[in-house]
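**Student:** Let the sequences and hints guide you as you build the complete structure.
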Amino acid sequence: MSSYSKGQGGWTIILTLVIGAILGIVPMPSWLELWRPEWVALILIYWVIALPHKVGVFSAWLVGFFIDVLEGSLLGLNALVLAVVVWIALSLYQRMRMFTPLQQSTTILMLIGVQQLLVFWVMTATGENTPRNLAFVVAAFSSALVWPMLFPLLRYWRRAWQVR
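The numbering used here applies: residue -11 is where the sequence shown begins, and numbers increase by one.
Quick caveat, the hints were computed from the structure, so don't treat them as lab data.
Label pairs and their in silico Cβ distance ranges: (1) Pro40 x Thr88: 18 to 28 angstroms; (2) Met86 x Trp19: 32 to 42 angstroms; (3) Leu141 x Gly115: 36 to 46 angstroms; (4) Met86 x Pro17: 30 to 40 angstroms; (5) Tyr81 x Leu133: 20 to 30 angstroms.
C-beta: ideal position from N, C-alpha, C; glycine also.
**Tutor:** If you want it as C-alpha coordinates, here you go:
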(Lines of atoms letter the chains of each structure in order from A and count residues from 1; the text may use other names and numbers.)
(Lines give C-alpha, C1' and ligand atoms only; values in the text may rest on other atoms or scores of the structure.)
Protein backbone atom coordinates (compact mmCIF):
# COMPACT_ATOMS: atom_id res chain seq x y z
CA MET A 1 0.00 0.00 0.00
CA SER A 2 1.13 3.52 -0.64
CA SER A 3 1.86 5.87 2.21
CA TYR A 4 -1.12 7.97 1.13
CA SER A 5 -3.53 5.11 1.76
CA LYS A 6 -2.08 4.73 5.25
CA GLY A 7 -3.60 8.06 6.19
CA GLN A 8 -0.89 10.62 5.50
CA GLY A 9 -3.12 12.85 3.39
CA GLY A 10 -0.81 15.81 2.84
CA TRP A 11 -1.98 16.01 -0.75
CA THR A 12 -5.59 16.30 0.38
CA ILE A 13 -4.71 19.37 2.45
CA ILE A 14 -2.84 20.91 -0.47
CA LEU A 15 -5.69 20.09 -2.88
CA THR A 16 -8.28 21.78 -0.66
CA LEU A 17 -6.08 24.88 -0.39
CA VAL A 18 -5.63 24.99 -4.17
CA ILE A 19 -9.40 24.71 -4.62
CA GLY A 20 -9.80 27.56 -2.13
CA ALA A 21 -7.28 29.67 -4.06
CA ILE A 22 -9.14 29.01 -7.30
CA LEU A 23 -12.45 29.99 -5.68
CA GLY A 24 -10.73 33.17 -4.53
CA ILE A 25 -9.80 34.28 -8.04
CA VAL A 26 -12.81 33.12 -10.05
CA PRO A 27 -14.34 36.21 -11.67
CA MET A 28 -17.54 37.47 -10.08
CA PRO A 29 -19.83 40.40 -10.82
CA SER A 30 -18.53 43.57 -9.18
CA TRP A 31 -21.60 43.91 -6.96
CA LEU A 32 -20.95 40.42 -5.58
CA GLU A 33 -17.19 40.74 -5.18
CA LEU A 34 -17.40 42.19 -1.65
CA TRP A 35 -19.40 39.14 -0.57
CA ARG A 36 -16.73 36.64 -1.67
CA PRO A 37 -15.85 34.45 1.33
CA GLU A 38 -12.20 34.17 2.32
CA TRP A 39 -11.92 30.58 1.10
CA VAL A 40 -8.23 30.03 1.77
CA ALA A 41 -8.45 31.42 5.30
CA LEU A 42 -11.51 29.27 6.02
CA ILE A 43 -9.80 26.14 4.75
CA LEU A 44 -6.65 26.90 6.75
CA ILE A 45 -8.75 27.43 9.87
CA TYR A 46 -10.48 24.09 9.28
CA TRP A 47 -7.17 22.24 8.98
CA VAL A 48 -5.85 23.98 12.10
CA ILE A 49 -8.90 22.80 14.04
CA ALA A 50 -8.72 19.27 12.60
CA LEU A 51 -4.95 18.72 12.43
CA PRO A 52 -3.01 21.37 14.37
CA HIS A 53 0.10 19.17 14.27
CA LYS A 54 0.12 19.32 10.44
CA VAL A 55 -1.03 22.85 9.63
CA GLY A 56 0.39 25.80 11.50
CA VAL A 57 1.77 29.30 11.20
CA PHE A 58 4.55 28.34 8.77
CA SER A 59 2.05 26.56 6.51
CA ALA A 60 -0.15 29.66 6.55
CA TRP A 61 2.88 31.82 5.72
CA LEU A 62 3.72 29.67 2.69
CA VAL A 63 0.12 29.60 1.50
CA GLY A 64 -0.06 33.36 1.96
CA PHE A 65 2.98 33.92 -0.25
CA PHE A 66 1.39 31.68 -2.89
CA ILE A 67 -1.80 33.78 -2.71
CA ASP A 68 0.23 37.01 -2.94
CA VAL A 69 1.87 35.79 -6.14
CA LEU A 70 -1.41 34.42 -7.52
CA GLU A 71 -3.33 37.64 -6.90
CA GLY A 72 -0.46 40.02 -7.63
CA SER A 73 -0.95 41.70 -4.28
CA LEU A 74 1.68 43.27 -2.05
CA LEU A 75 4.23 40.49 -1.47
CA GLY A 76 3.94 39.28 2.10
CA LEU A 77 0.52 40.80 2.78
CA ASN A 78 -1.48 37.57 2.73
CA ALA A 79 1.45 35.70 4.25
CA LEU A 80 1.36 38.02 7.25
CA VAL A 81 -2.40 38.11 7.76
CA LEU A 82 -2.91 34.36 7.25
CA ALA A 83 -0.08 33.63 9.69
CA VAL A 84 -1.73 35.88 12.30
CA VAL A 85 -5.17 34.33 11.73
CA VAL A 86 -3.76 30.80 11.99
CA TRP A 87 -1.80 31.75 15.11
CA ILE A 88 -5.04 32.93 16.74
CA ALA A 89 -6.89 29.83 15.49
CA LEU A 90 -4.16 27.60 16.95
CA SER A 91 -4.76 29.18 20.34
CA LEU A 92 -8.51 28.50 20.00
CA TYR A 93 -8.62 25.13 18.23
CA GLN A 94 -9.51 23.02 21.27
CA ARG A 95 -12.36 25.34 22.16
CA MET A 96 -13.58 25.52 18.57
CA ARG A 97 -13.84 21.73 18.47
CA MET A 98 -16.36 21.93 21.31
CA PHE A 99 -18.31 24.91 19.96
CA THR A 100 -21.73 24.62 18.38
CA PRO A 101 -21.94 25.61 14.69
CA LEU A 102 -23.30 29.03 15.69
CA GLN A 103 -20.41 29.60 18.09
CA GLN A 104 -17.94 28.46 15.44
CA SER A 105 -19.47 30.85 12.91
CA THR A 106 -19.19 33.71 15.39
CA THR A 107 -15.53 32.85 15.95
CA ILE A 108 -15.00 32.69 12.18
CA LEU A 109 -16.63 36.12 11.86
CA MET A 110 -14.11 37.51 14.33
CA LEU A 111 -11.10 35.71 12.79
CA ILE A 112 -11.90 36.81 9.24
CA GLY A 113 -12.74 40.27 10.57
CA VAL A 114 -9.24 40.45 12.05
CA GLN A 115 -7.84 39.32 8.72
CA GLN A 116 -9.76 41.99 6.82
CA LEU A 117 -8.75 44.71 9.27
CA LEU A 118 -5.08 43.69 9.04
CA VAL A 119 -5.24 43.80 5.23
CA PHE A 120 -6.88 47.24 5.41
CA TRP A 121 -4.28 48.48 7.90
CA VAL A 122 -1.29 47.25 5.86
CA MET A 123 -2.72 48.59 2.61
CA THR A 124 -3.35 51.97 4.23
CA ALA A 125 0.14 52.03 5.76
CA THR A 126 1.75 51.27 2.39
CA GLY A 127 -0.30 53.86 0.52
CA GLU A 128 -2.38 51.38 -1.45
CA ASN A 129 -5.84 52.32 -2.65
CA THR A 130 -8.29 51.34 0.10
CA PRO A 131 -12.05 51.71 0.48
CA ARG A 132 -13.26 54.73 2.45
CA ASN A 133 -15.77 52.69 4.47
CA LEU A 134 -15.94 49.36 6.25
CA ALA A 135 -17.49 47.52 3.29
CA PHE A 136 -14.43 45.26 3.12
CA VAL A 137 -15.61 43.55 6.32
CA VAL A 138 -18.59 42.09 4.41
CA ALA A 139 -16.35 39.13 3.48
CA ALA A 140 -16.19 38.25 7.18
CA PHE A 141 -19.98 37.94 7.28
CA SER A 142 -20.15 35.81 4.14
CA SER A 143 -17.33 33.62 5.46
CA ALA A 144 -19.23 33.11 8.71
CA LEU A 145 -22.34 32.16 6.71
CA VAL A 146 -20.41 29.66 4.57
CA TRP A 147 -18.62 28.02 7.52
CA PRO A 148 -21.49 25.73 8.69
CA MET A 149 -21.57 24.18 5.20
CA LEU A 150 -17.82 24.11 4.60
CA PHE A 151 -16.88 22.51 7.91
CA PRO A 152 -18.85 19.24 7.43
CA LEU A 153 -17.74 19.03 3.79
CA LEU A 154 -14.06 19.26 4.70
CA ARG A 155 -14.57 16.89 7.63
CA TYR A 156 -16.17 14.36 5.26
CA TRP A 157 -13.19 14.62 2.88
CA ARG A 158 -10.74 14.29 5.77
CA ARG A 159 -12.43 11.13 6.98
CA ALA A 160 -12.98 9.67 3.50
CA TRP A 161 -9.32 10.17 2.56
CA GLN A 162 -8.14 9.21 6.07
CA VAL A 163 -6.11 12.37 6.55
CA ARG A 164 -4.34 12.20 9.90
